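> Going down the list, the sequences are from chains A and B.
Heads up: the first sequence begins at 1414 in the numbering used here, then just goes up one per residue.
Heads up: the second sequence begins at -12 in the numbering used here, then just goes up one per residue.
Hints in this document: simulated from the structure, not taken from any laboratory.
Do not take every clue at face value.
[What the hints assert, rightly or not] Here are the simulated lysine to aspartate or glutamate pairs, EDC-like style, with alpha carbons at most 20 Å apart:
{"id": "1", "chain 1": "B", "residue 1": "Lys91", "chain 2": "B", "residue 2": "Asp71"}
{"id": "2", "chain 1": "B", "residue 1": "Lys45", "chain 2": "B", "residue 2": "Glu13"}
{"id": "3", "chain 1": "B", "residue 1": "Lys45", "chain 2": "B", "residue 2": "Asp66"}
{"id": "4", "chain 1": "B", "residue 1": "Lys45", "chain 2": "A", "residue 2": "Glu1465"}
{"id": "5", "chain 1": "B", "residue 1": "Lys2", "chain 2": "B", "residue 2": "Glu43"}
{"id": "6", "chain 1": "B", "residue 1": "Lys44", "chain 2": "A", "residue 2": "Glu1488"}
In this text, all values refer to a predicted model and were calculated from it rather than measured experimentally.
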Amino acid sequence: KAGVTQTPRYLIKTRGQQVTLSCSPISGHRSVSWYQQTPGQGLQFLFEYFSETQRNKGNFPGRFSGRQFSNSRSEMNVSTLELGDSALYLCASSLGPLGGDTQYFGPGTRLTVL
Amino acid sequence: QQQVKQSPQSLIVQKGGISIINCAYENTAFDYFPWYQQFPGKGPALLIAIRPDVSEKKEGRFTISFNKSAKQFSLHIMDSQPGDSATYFCAVMNSGYSTLTFGKGTMLLVSP
């Protein structure tokens, strides 16, 4: 089975712009979670989607949003980018509720905000 | 408030030695405790995980020890190899919420 794929792998944006990141989960997985990884804050949970519904949300401002499509693929969007949004954004997929807790991570999208 | 505290921040071990990384948590509602390994430029990869109904789980050279009463768990890497040099993260989860909360990570260097 193919693993979790994320596109693009690298992105450079300037302050004030917006960005959309994409994640394709492992085939058969219906839950997608997003995490932000920075040297200072470590790995922090952003949100989780299952069956096109946001089930959980972390402590991030409303500029961070996401969605999930009927094929379980997910996108996250960050509007009005700030320098502090520079990070590695990781997507993880899992089977979903009652399917086990194991989350499998993709390689991430490295976002640099100038 | 940090929900999971991981130590040490960094660790240097000689090849063939035992690497030990510790994590402590506060919330007794957590019921899933995985360890992830991350190499530079890669996403975290699940190494091994444990649930609170067992005190130890072993997979190859990797062992999790779990102390429910102390709210602590640790990763032991036996016969450490240079290829094990990576950053290791412990995490906790309440299965009802499906969100992982991670420790700050431990950079392990195994010297040849």
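> Hint by hint, note whether the structure agrees.
Cross-check of the supplied hints:
no. : hint                : in the structure
1   : B:Lys91 / B:Asp71   : holds, 18 Å
2   : B:Lys45 / B:Glu13   : violated, 24 Å
3   : B:Lys45 / B:Asp66   : holds, 14 Å
4   : B:Lys45 / A:Glu1465 : violated, 37 Å
5   : B:Lys2 / B:Glu43    : violated, 24 Å
6   : B:Lys44 / A:Glu1488 : violated, 36 Å
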